[in-house]
Every structure is written in structure tokens, then in C-alpha cells.
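Generate the whole structure from the sequences, applying the supplied hints.
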Amino acid sequence: MRTILTGNYAVAEAVKLSRVKVIAAYPITPQTTIVERLAEMVERGEIDAEFVRVESEHSALAVVYGSSSAGLRSFTATSSHGLLYMYEMCWWVSNARIPLVMAVVTRTIGPPWNIHTEHTDILTLRDSGWIVAMAENAQEALDLTIQGFKVSESVNLPFAVGLDGFVISHTAEVVDVPDQSSVDSFLPDRKQAYVITPDEPIAIGNIAQDEVAMRLRYDMARDMERSKEVIERVGREFGEKFGRKYGLVEHYMTEDADYVVIMSGAWCGDAKEAVDILRSKGIPIGLLKLTYVRPFPIEELQKIEDREVLVIDRSFSMGHKGILGLEVGNVLDCKNVIAGLCGVDMGVEDFVEIFNRFVRGEIKEVEWWLK
Amino acid sequence: MKLADEIGCPLLPGNPSCQGCPHAIGLKALSVLKNPIVVVPAGCTTIIAGIHPKSSIDFPLIHVPFASAPAVACGLSKAYDNVVVWMGDGAADIGFATLSGSAIRNDNIIVIVSDNEAYMNTGIQASGTTFWKAKTTTSPTGKREEKKDLALIMLMHRVPYVATASIGYMRDFVQKVKKAGSTKGFRFIHLHSPCPPGWRFDSSKTVEIARMAVKSGAWILWEYDGKFRLTGASRKYREKDKRFPLADYIKAQGRFRGLSDDDVREIEIKIDNVWKVVEVLERTF
Amino acid sequence: MEYIDVLISKPSKGSSGKTGLWRTFKPVYKEDKCVSCFECYVYCPENCISLKDLKIEIDYEYCKGCGVCSNVCPAEAIEMIKEV
Amino acid sequence: MLKEGIILCFGGQGGVTAGRILALACVKDGLYAQAIPHFGAERRGALVKNYLRISDKPIRRHSSVKKGDFVVVFAERIFEIVDIHELLKDDGILILNSKKGFDGLRCYYVDASEIALSLNLVSAGWPIVNTAMAGATAKALGLTLDSVIESIKELFKGKLAEVNAKAVEIAYREVKEWNI
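Residue numbers (the working numbering), protein chains in the order written: chain V, 67 to 437; chain X, 386 to 670; chain C, 156 to 239; chain E, 104 to 283.
Everything labelled a hint here was simulated from the structure, so no lab data went into it. Keep in mind that the hints are not guaranteed to be accurate.
[To be verified] Here are the computed lysine-lysine pairs in the DSSO-like style, where the Cα-Cα straight-line distance is at most 27 Å:
1. V:K347 with E:K169
2. X:K636 with X:K655
3. V:K307 with E:K131
4. E:K152 with E:K131
5. E:K202 with V:K347
6. V:K257 with C:K165
7. E:K269 with E:K192
8. C:K185 with X:K387
9. V:K437 with E:K131
[Stated by the list, open to error] Listed next, the stretches of chain C that the computed footprint assigns to chain X, with coverage defined by at least 3 CB atoms under 8 Å from CB atoms of chain X:
10. 166 to 173
11. 200 to 213
12. 221 to 235
[What the hints assert, rightly or not] Not close to chain C: a few residues of chain X, all C-beta gaps over 10 Å, as computed:
13. P401
14. K413
15. N420
16. K439
17. F481
18. N506
19. T507
20. G513
21. W517
22. R585
23. K590
24. R620
25. K621
26. G639
27. V662
Heads up, the beta-carbon is just placed ideally off N, CA and C, and yes, glycines get one too.
Encoded structure:
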């Protein structure tokens, strides 16, 4: 059904369609309307789930860690300071190999207080063993949430869906909401590596010897690597079922492009229009969207090794460069523009200007786009 | 029925607990619950639970981060009955918001705080429940602040069941665990657990010291199940003249070494004040 | 998921090895003095005391020699003897 | 065809809802639309900007609208704090809650406050003009009345839906052109 939904409501719809059993979340702008909508769905009996009103984000993830360990499909959502407050639990969940899905509505970290989008918050999950996906619009937020459960439960790693605060979370736009039976046939019943039950006296997470514990990390690394193939397969299956194909990256006019811009998140839409404008003037430029930041699509990037590459970052690693700039820079030579931090608005005309400077060879190694 | 016939030994021999460990004694009480799942945050019991691939505890057990235990238990309780949090006073300090939040939600879980009055697992640092003047590595000349009364704080959350207990009075503790087990909602037991290395007394005296705490009135056994009442041995120590000398309890512990008679009298006043609160609660609550 | 078992431990005695080696003092049971109250069983932190009819048995393989059993015995039926 | 607009109102006047009503009406008319509320630190009473995009193709951009093909103004007092020429393209259309048009601009105007008051759409002493303004904007943008009414019935329930649908209908019918 085609309708108008905000990104946050689209996520809530996806959670409902995924037949989630336990939802725990603490309000934080701009994530709040996800949990408000889910609480409403639970109260009205539109979804057969329990909603737990926790007292903090740390407990939000702790509750869904508990329910997921018991075999119940679970969901939480957070943003910025909330994500940082639950950071310890993030690592615990992934290291315990518990599949679950969390929406991260990206927002600047203070001070100063600022509620607008930036990707530095979700990118703190980079090293934690979470699969990290970034939505470009409300439709992708819905689609990636549903795929998230399937991917997560296939590789026993938690899954974060990032959606830009306000830009996606509160923008009402056209979303095609799939029907329940199609989602049911796409998303199988929950499976996971182990379930804690009263019937079997096993202990989960006892102290382990160094050498033995390291093997678990090795296991995790291999499963994260394997998740690439799972993400591609699930994205293909989703495409066959719903007509919208997904993968680790999305190519936009890159095939014959001499210049490739790499970006992630909501502003890719504006950047695609800027690509169109440069193309109309005969400039061979394309855009590679990182739909997934973890696992990192190294092989996809190696394919564009011979092009001029620019990474535009909505995040920064203090003392070095943009976080995606760092990541991509590990695979191929690239220039790096830091823009749109703290929610600074970036429109088509900004990207046209940046792209023109990039094509003319005027962009420095690392350049801040201050307004 | 003899207590020995009622309780089992879920903690298996050969575990890493210190000699005379109070938690090791207390854990036995969980054997009266039907099919419990035990949630353990960071603390001494993290170690006591054993080293992979062996588990020292014959229950399903899940290790969880320090401040998270009641919340994880809440999640588990969406699938199972009899989810028990077994945590120390350290976890109750760092995870106090989690504990309070769980109580406010009236989560269907049992929380037992086995309180050895300091952070023992990290090597005896002062906690919120460390007694005034007790020496720890972070209060080397004796703690200057008061001991917080966790059970009374939890009682004020208006949950269905709150009790104090002592590892020196296992019959009383087992009764309380049973009662908690047959109640629904958030249930809380604050268990007094004297620690030989932490309090500096001989490992053979764990039970003796625990009993001295009750006999001297320094630890009061009570429960609330809709009605507040003193239980077990503490009933006879309501009258102060029946209590054992407080100085004997204090002086048996290395952590109080060097306390003056004035200090002991000061402690006595603090204890008398707690009794006043308990007596009011007993009459009115 | 080859090494997922690293996360999962199963109940077993001796997770910390033969803890009987920790002992300095050994509890010695005086059967004739025993009044079968089994306080020693209730309070033994190590769960090294088992009940045999009206008597007890001590598992010296794991007993750490803490002395709690002797301390709680009302009949002086467990004596701590220096072992090493 | 991409039309970008800005809805200007004071916090609490319901600009966000107006945007959503119009976006949903577009979908019902077979178009694509996007309603972006701009959130700052403002509270009730401050000037609030909302953006509305309408297109016959999926809309990819998510940035703010700097200059609108149309600007909807919920209260004339807004002109005291905003230079309308900065927000409206030279050939753009102003849709205004007023008894008269705006000199020098292509404009649609309707007395939305009066419509709201006549239907007793009042909250905390303020006439709630958002649905009437949605009706007037729909007319100005060439959306069908049926689609706006349907959207109202999807977003509101019961009596509230009825009254607001009425406001839409009156405004849609009464909105007048000025300099067009």
C-alpha cells in the first residue's frame, strides 16, 4: 500500500510487519516517535508484542538482550546520547552473538545541544560487531528494518538501521508498505545460535581463557565477513519479492564514471540530483552509496580503484579525517570533504559546487565545508 | 522438615569462591525455586560461576554487564517465570537506576542483593552500603559517609515483596525466597553477607559474624508482603536490652580496627535510629 | 559459529580445579558426637558435605578448609586439624 | 514537474499537520510528495517553517527548500518578521490567510481564521487554521478536493474529521485569486 509516512513511522510499520515480540526503548529526540507509535500499536492490539517502558537506553538494550536471549524477536531504537549511554550493552549484545534490530536515528552529540543529524553517533558502532546499514529515505528505513531481522538472525550479529534525524525521521514522504503475508513469506521464524531456557542448566558468558576467548572473536570476524554474502542474498530476495533490490552498496551512474563520489545516508538523494546536473553538462561523474558501513564493502570499492574518488562525510574522527574518508582511504586513494555536521543543511546546489571543484581537481586531501 | 532436606546445593564443589564465602552459602537458597534462570552482573559471583567450559552453578545462568541485571531479567521474564537476579551491592550502586526502573515497572522478577558492604571483587573498595567508619582501600581511615538502606528504599517503590535476610539465618532466608517465589511482580531481598577477606575475619566465622550482626541489632530481619513485620531472630531483639553487645560485633572485624568507644557509641545511635524507623513501619505499614 | 561453545559452559564440579589443595586446616568428622542437625550441610559454602542417612561425609577433594562447618556445629562434631 | 513550497506558521498553528494532509492528498491524486517539518529549539508561538515538495516522479532530495515555487502563510503578522521575497521565487505563488491579497505578488487568499472561528475550530483561544489553509493550498496547487477530504478522514477521527473536512471544503471553494 502506497501512503505517506515519516521515516520513524515507516520503521514502526516494519517492526510490526516483522512480528516483533518485545520492544523496549527510552525516548530521545528525534527517535521518540518510533517508540510512541509502537507503544500505540501495542496498546491498540495491532501488534502482539510487549512494550517495556525502561528508565534508560542502557536498560532498553539490556531488556531486549534478555528477551532475545530467551528466543523472542526484539527491537529497540535510540539516537545520539542514548546510543552512547547504551554503548556498553551494544558490545555485550554483539559479543554474545545475539540477533536483534535497533534503529539509530542519527543526531549530533553535544555540547552544544543540537538535535539535528550527523553520522558520528551511529559510526561509534563501527568496531563493535554490529551490522550497520544507512537508509536514504523512509522507504529504505522500512525495507532495511525488515531485512535487518533476516540478516541478523542468519549470522547471529545485531543489526543497526541508521536514518538521518529529522531529514528522514520526521519527513513525511511516499512509502510503499508491504502487506503482512508477503513479509511473512520473506521473513522466516526467528532462529539463533543458542537460547537460554529453564530446561537446560547452561551458563552463558562464563570467564574464558584468553586463547579460547580469542577464537570467539575470530568466529565473529568470519561471520561478519560472511554477512556480506547474506546481505547481498537477502537484498536480492527482497528485490524479487517487493521490487526494490538492496545490496552492500548502490551504484548511481558509476559504470562509465571517471569521477566517483562516495556517500551514505539521506543526503545521497540530493547528491544524485547533482550528479544528474553534472552529467547533463557531459561530466562523467557517478555516486556510490554505502548502504552498509559494516561489514565494509571492500570488494565493491576495489572495483573503482582506477577512478578519481571523493568521500563526503557527515562524521569526523578527531585527529584524523572523516570516518568514511578513513574507511574508504584504507582501500583506495580518495579526497575527503567534511560537511553537514550538526545538521547543517546540504542541498543539491551545495553538491553541484563540491562536485565541480572535485572534477576541477580543487578539493584538498581533507576539506571542511563550512557555511 | 529439616532445612537440610529442603535445600539443595546448586553451587558445585571446586568453584573459585574464597574460603568461607557468604555468597556461596546464600546461593543454596535458590534451590527452593522451581526452574529458575539466574542473571548475574559483574561481581564476585561472576568469578564464582566458574571458568569455561565448566559452570559451577547448576542453573541456567546468564552473565550480564554491571548495571544491567534487572533490565536483562525483565527481558527474560517476557518468556519465563522465575527469573532471579543475583547481584552484589556494587551492582546495586552502579545499576541503581536500573533496579529502581525495574521496581517501578513491577517486573516479574526476584532480585537478591547479596550485600558484603563493599566492592569485594575489585579488592575491597567502599560502596553505598559500606558501614560508617569501616576501612576499605578507598576509605583507608574509615568511611565518612552513611550506609544507605537499600531494602527500605526498595520498599518505598511499593512493590509486592521486600525483605531483608542474613546468610547466618538460612531458615529465615529460605522461607523468604519461597515466599518471593510464590508471589508475582517485583520481589526484592537484601541479603546480609559478611565477607572474610573484605571485613578481615577468619574464614570459619562467616556465619558467626552474620549472626552477631543480627543479635547485636546491627542488621534487622524483616519482610513486607503487604504487611511489614520483623522476622526470625530479630523479633526478640526489638527490645534493646535483649541485644548482644554491639562492641563484640564491631571488634570481631578487622575493618573496624582502632575504633574508639565513642565511635562504637555513635554506631549504636545510628543503629537505634534504624530500629525506630523499623518500629514505625511495623506499626503503620 | 565454530567456536560458539566458548560462550556456553556446563555445570561441572571442579571449575577451579581440585580446591582441596587450598586447605591449611582439615575438618575431621567425629561421628560419635554428631547430633544429625546438618547445620554443617546447610552452611558449608563449598557444598562439600553430603548426607549419608543420619551422618555426613566430607569431600576432601574440593573442601577448601574454611572451617565454617566446625564453627556452626553445635556439638563439636567437626574438628579442624592442621594439615600442612 | 517538481514544485517546492514553504509553509510558514507560528508554532502550535498546525503547519506540520497541514503539510502531511497535503502530502497524503498528493499520493491520492497519483503524485509523489514530501512534507518536511523544520525542527529547531522553538516552542509554541515561534515562527515555524515546513517544506512541501510535490512531483510526478519519486522525490530524492531531502534538503530544505530555500526559495519556494509557492509559500503558504498562516498569519499576516508573519510578514513583520519574514521578507516574503526572500522565500518566494519571482514567479512563485503566495497562499495567504487574509481578507485580501498581497500587493505585487501572485497570490491566493482566503480568510481561514474566519472559517475556523465559524466552525468553532479553536484551541487555547487561537483559531486553528491549518485545515482551511490546506484546503486553499490544495486548490492553488490543483489537487482534487476529494483527495484532501480523504486525507483528513485518514488523519483525524470522528467529529474532528468532519469539522476539519468542512473547513477544507469551505476554503477550497472560497479561496480567491489575486494578480494571477
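> Tell me, which hint numbers fail for this structure?
Replying inline: Those not satisfied are hints 5, 7, 9, 13, 14, 16 and 23.
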